[in-house]
Amino acid sequence: MGGGDGSLSLPRWVGWAWLVPGAFLLAFLAYPLVALGARILDGLGQSALVPVGTGQVAALAAAQALASTALALAVGLPMANVVSRYRFRGRALAQALVTIPFVLPTVVVALAFRSLVGPGIPQGLFLVVVAHAYVNLAVVARIVGAQWAQHDDRHEAVARTLGAIRWTAFRTVTLPALVPSIAASAAVVFVFSFSSLGIVLLLGGGSTRTLESQVLRQTSVLLDFPGAAATAAIQLVVVSAILLGGAALSRRSPRRVMRPIRLRRPTSRSGTIGVRVTSAGIAVLVLAPVLALAVDSLRSRGSWSLAWWQAIGSVDAGTTRIGSPLSALGTSISYALITAAIAAVVGGLAAVAVLGRGPTRWIALVAVVPLGVSAATVGLGTLLAYGRPPLDLRATGLLVPLAHALVAVPLVVAVVAPALRGTDDRRLAVAACLGARPTRAFLTAYGPVLRIVMLASAALAGAVSLGEFGAASFLARATNPTVPLQIVRLLGRPGEESYGVAAALAMVLVAITLVLVLLVDRLGTSRQPAAVGTP
Amino acid sequence: MGVKALLAAGIATAAALSACGGTAESASGTVRLLTHESFVLSQSLIDDFQARTGLVLEVVTAGDAGSMVAGAILAAGAPTADVLFGVDNTLRSRAVGAGVFAPYASSAADALRPELRDDTAGGLLTPVDFGDVCVNIDDGFFASAGLAPPSTLEDLASPEYRDLLVVEDPGTSSPGLAFLLSTVARYGDQWPDYWRRLAANGVTVAGSWTDAYMGDFTKGGGGGDRPLVVSYATSPPAEIVYASDPKPERPSTSVMPDGCYRQVEYAGVLAGASNPAGAQAVLDWLLSPEVQADLPLSMFVLPARDGVALPDVFTRFAPAIANPLQIAADEVAAGVPDWLAEWGAVMGR
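These protein sequence lines are chains S and V, in that order.
Position 166 of the first sequence, counted from 1, bears residue number 480 in the working numbering, the numbering being contiguous throughout.
Position 140 of the second sequence, counted from 1, bears residue number 142 in the working numbering, the numbering being contiguous throughout.
Hints listed in this document are in silico derivations from the structure and should not be mistaken for laboratory results.
Ideal Cβ positions, reconstructed from N, Cα and C, are used throughout, including at glycine.
A portion of the hints provided could be inaccurate.
Said to hold, decoys possible - Some, not all, of what chain S presents toward chain V, calculated at C-beta under 7 angstroms:
hint	residue
1	Val366
2	Gly519
3	Val535
4	Arg702
5	Ala792
Can you make the complete structure from the sequences, with help from the hints?
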């Protein structure tokens, strides 16, 4: 384990590492939030403090989020059970499949669902709920699965010998034991659905709304900035309350000793069938929308065609008014690279600061705060802080990557900090004893791990940037849309071609995202085993 | 406010002129036109303008009209462009209130249609074009059904026309909002009741003009089942212009002349512009007979200038709307949030 005496021989600069993430968070989280607050005060006396209809939208969004959470749990729990507890052929594949919807950009998911249901099912609440549940299957399967795998089956065995039927044993013994992880995952799913934007815009048909989509509407349709800022603030409060509540619930149970996970084979015939049906169900559920999207990108006027894919490459593509799809891809990739660089440096230094002593190690905790701040809040706050004179950074093209880096930094910290703490710091002492200068000793001890996890976290940050829609919709310049924005704009235009090109662009995004996530996964497993445990 | 803004504009002009270093040109250098993504003009007109004035015209498009004006409000007083085109009568009040524009009275304004001549928000804006949002009719549907097409807003709520109309959500669509405003203008405080009757009569609400026209409308190519749609008075000529060859003799759709809402698009010099003289030159140019004559076929809007000849396809298939409905810009800005909330409550959306 890390810590201990090793910190004595850490190079001096580790003690100052917190300055970079500290300054970044101050400039791009705290100041934008202050700008948001100032705008609310601006509006005092001009109009109603809370815009008309906000309560109603919040109530509808909460109902929608509850339904999405219930559906995600209903489908995700059986998946968690099968994937995390049973040994069967294709288990690794099933586990990877479950994760796919979560890493796909929300705009892509929304488009994929449009392709899947066709014009038959009208847009609205139902589609939104189904898409939200789809995206969040991984949240339920992973979080609940981790606890379920740890669960000791002997308790059920006892209950059943005492005469309880299977369902009663599950309800009275297993379920209560899983409450903390179910609560934790439900809180995450609820918050995601409550503050959803891309899916709501593309599948909601205008009638299903969230506070997040209201913020966008208030800024770009009603031009009511104080109202938008107030709505964003209300959402911030609700989301923080839910996340804190979820965290409190999941901490209520006493910590148990971690047992080594033992996968079992299904014991009965019905068990075997259950496992088979569930794993086949996972494959169909996850892949159907993506395949429908792929097919739509290859169909033109009722026959197979590469026309839409060729239209990505040509500059005009009948979409001159909104720029070529290829240039959007260029914009997105360059934003992703800048995001990866900023997030890796800022998040990496926040993680390194944890190694030091004293209060500055708390920077890693503070760096996780942006997770609770919605995309529209980040976007609007950044726009108010840096999108107008005297500080107008819009023309530099840096606003989008900076906002994306803010979103990605918590993930970088989550990847890098445990890896650093898990590194054996005796090497540091050895190197120091052999006469190495502190920085050299630090690199000897942590360099190999850092190199891998920094690469992994940069890839992760890049993937986040490529798919991000909410903040970009406030900050991107109209002449330089990112790919998700371009997809939404294409969908706002009539014609089969707009839809086909959007589908092809979305498939490109799917491919790049999957490659990046695969890379992260590979890099993650190539780390030393010691780095796996989190304190 | 007027004096102060005038003074500010005067200082800005003086500053810009002194920055020119005393060259003879009253307007020179680069001038930036901030506009929405639907802005189109024939390239030859832009070339002419640049050759004639020596100015370099840079067109900056910033999303749809709403996003464009939102950006201008954020940058009020220190804009990134010199002149703005494309703020309409539903959006203009907020922009004017935020101090986005500097006063300018173009000499060409005298040539505008009489009803638009004084529509300047106190000398800050100049009307450039207008258009009407009207219910469009699939003529073939009514001919084969042996039913007279509806002719008034009132007809739309009558049982003969049950389940035939699709409108856009006023919260997400500009023509949708215009149609809501036309009902507010017509029915006053009783407008929610009219919408209750529309709902009882089976109206469909789509999220956007694209969804409504291309999806639900019978003549939009999307296989929809609604022969009545809220669209533009210029949609029938657009149908001919956009048709692939051989073009049809006449459009398959027509316009219901009652209950149309008039949208006016304005241009204005931006307060704090770095090239105010250039901005004024662009504004004058937008009102010139050449640009005004180009508007119908490039943007499907009608010229604000009086006596500009319209293309044949417009005179034949886009009859002038006699008494369009309109609500004063200040009333719109003050009322829209409440009206949208009320509309949502009535329609259960």
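Hint by hint, here is what the structure shows:
{"no.": "1", "hint": "Val366", "verdict": "holds, 4 angstroms"}
{"no.": "2", "hint": "Gly519", "verdict": "holds, 5 angstroms"}
{"no.": "3", "hint": "Val535", "verdict": "holds, 5 angstroms"}
{"no.": "4", "hint": "Arg702", "verdict": "holds, 4 angstroms"}
{"no.": "5", "hint": "Ala792", "verdict": "holds, 4 angstroms"}
In terms of the numbered hints stated before, the structure departs from none.
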